[in-house]
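**Student:** Chains as they are written, first to last, in this note's numbering: chain A, 1 to 198; chain B, 1 to 198.
Since the hints were derived computationally from the structure, they do not count as laboratory data.
Subject to a maximum C-alpha distance of 30 Å in a straight line, what follows is the list of computed DSSO-like cross-link-like pairs (lysine-lysine):
| id | chain 1 | residue 1 | chain 2 | residue 2 |
| --- | --- | --- | --- | --- |
| 1 | A | Lys3 | A | Lys109 |
| 2 | A | Lys129 | A | Lys197 |
| 3 | A | Lys162 | B | Lys129 |
| 4 | A | Lys109 | B | Lys162 |
| 5 | A | Lys3 | A | Lys162 |
| 6 | B | Lys129 | B | Lys197 |
| 7 | A | Lys162 | B | Lys162 |
| 8 | B | Lys3 | B | Lys129 |
| 9 | B | Lys162 | A | Lys129 |
| 10 | B | Lys109 | A | Lys109 |
| 11 | A | Lys129 | A | Lys109 |
| 12 | B | Lys197 | A | Lys162 |
| 13 | B | Lys109 | A | Lys162 |
| 14 | B | Lys162 | B | Lys3 |
| 15 | B | Lys162 | A | Lys197 |
Pulled from the structure, derived: some chain A residues nowhere near chain B, Cβ distances all over 12 Å:
| id | residue |
| --- | --- |
| 16 | Leu28 |
| 17 | Arg53 |
| 18 | Pro116 |
Since the structure is predicted, the reported quantities are computational estimates derived from the model, not experimental observations.
Don't be surprised by glycine CBs; every beta carbon is placed ideally from N, CA and C.
Letter by letter, the chains look like this.
Protein chains: 2
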Amino acid sequence: MLKQGAHSTPHRKVDRVSLDRAAAYEILDEALICHVGFIADGSPVVIPTIHWRIGDRLYFHGSHGSRMGQTMAAGHAICVTATLLDGLVLARSAFHHSMNFRSVVLFGKAWEIDDPSDKAIAFDALMAKMTPDRCTAIRPANARELATTKLVALTIDEGSVKVRRGPPIDSAEDIAWPVWAGVVPLALTPGTPVADKA
Amino acid sequence: MLKQGAHSTPHRKVDRVSLDRAAAYEILDEALICHVGFIADGSPVVIPTIHWRIGDRLYFHGSHGSRMGQTMAAGHAICVTATLLDGLVLARSAFHHSMNFRSVVLFGKAWEIDDPSDKAIAFDALMAKMTPDRCTAIRPANARELATTKLVALTIDEGSVKVRRGPPIDSAEDIAWPVWAGVVPLALTPGTPVADKA
Chain A
1 MLKQGAHSTP HRKVDRVSLD RAAAYEILDE ALICHVGFIA DGSPVVIPTI HWRIGDRLYF
61 HGSHGSRMGQ TMAAGHAICV TATLLDGLVL ARSAFHHSMN FRSVVLFGKA WEIDDPSDKA
121 IAFDALMAKM TPDRCTAIRP ANARELATTK LVALTIDEGS VKVRRGPPID SAEDIAWPVW
181 AGVVPLALTP GTPVADKA
Chain B
1 MLKQGAHSTP HRKVDRVSLD RAAAYEILDE ALICHVGFIA DGSPVVIPTI HWRIGDRLYF
61 HGSHGSRMGQ TMAAGHAICV TATLLDGLVL ARSAFHHSMN FRSVVLFGKA WEIDDPSDKA
121 IAFDALMAKM TPDRCTAIRP ANARELATTK LVALTIDEGS VKVRRGPPID SAEDIAWPVW
181 AGVVPLALTP GTPVADKA
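Take the sequences, apply the hints, and build the full model.
**Tutor:** As structure tokens, this is what we get:
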């Protein structure tokens with residue numbers, strides 16, 4: 001289970017919210033990117049980035065010059081949110097339109113991993129996530145590349161999962177309204193690969 | 001053009017970053033959800049939500065009980081980030097793997113819109129975005145529903161656009177490495193609609 005903290009306590013629609021760690025892992029593994037929130041000069045900043053997971057650790061990478069990487073490496077509080085959009089929920093009434101989605105919100109403080117062999121293992125896991133069929137065939141990172149890339153990790157600890165599934169929930173008096181109602185599923189779908197001409 | 005502020009000044013990879021307002025609008029209109037960042041009790045919080053746009057205003061909705069809605073309505077600083085994932089960029093070297101994406105990051109302070117007719121116009125625009133083919137056929141929101149739903153707006157002013165397109169950029173010495181390289185396009189794709197049985 002995830003730890004429930006001040007920020008992960010659900011305020012409403014409690015039935016859609018859980019602390020289920022397995023559900024959190026499933027969403028984090030399926031999502032190719034997440035959005036990382038941090039505070040810079042007193043203001044919230046939200047940046048999209050790729051993440052990947054080994055056990056209860058979530059990993060992120062960046063260049064040494066990036067503000068997000070520096071903020072994460074410095075151990076400031078962050079919030080990491082991964083969202084999968086699963087469908088448009090089209091009700092009979094405007095009011096009951098919704099989205100089907102699965103999301104994870106995590107809170108914590110990241111830290112930088114410097115050890116070259118730990119970094120190599122973590123970046124191998126990133127390639128296994130991004131391109132499982134090619135990950136042993138690509139040219140592996142060399143020492144210079146590993147040194148150039150900042151690696152930060154967050155222990156998956158405090159947070160929550162929110163899921164909406166299923167059909168629209170119209171009021172009884174709207175069920176006879178003469179309009180199609182239902183769900184249009186949405187999925188991030190791969191298209192035809194485009195080979196590099198280089 | 002968008003306004004460049006302290007938080008939207010690109011720190012690196014400047015060639016991928018712009019202040020192009022038309023590009024920002026295109027991304028905001030295509031993205032069905034965004035991630036809103038705010039500060040709660042000193043910590044960053046990032047929540048996914050639907051957004052929509054009329055002119056230079058971005059709109060968000062929520063219940064009166066939601067923390068995000070309350071924070072936005074109170075005029076605290078927020079960051080709104082919308083990201084479209086366009087492809088996996090599969091290079092010959094692990095190091096040069098990347099993602100094609102388009103993202104907008106906006107900074108500002110939102111405010112609540114209370115006027116019922118302004119709210120009705122804004123929510124009509126949400127339906128036109130979510131379900132253009134059905135938006136005149138659904139049962140419109142009534143006065144009670146409009147009153148129940150909080151509407152907040154953000155003027156699109158300070159922020160930036162970041163885009164990565166195109167093939168992998170491998171080093172010259174890796175071009176002959178014997179592995180497929182290229183781009184796998186990704187798109188959020190609608191599936192077969194599922195009619196509600198109610």
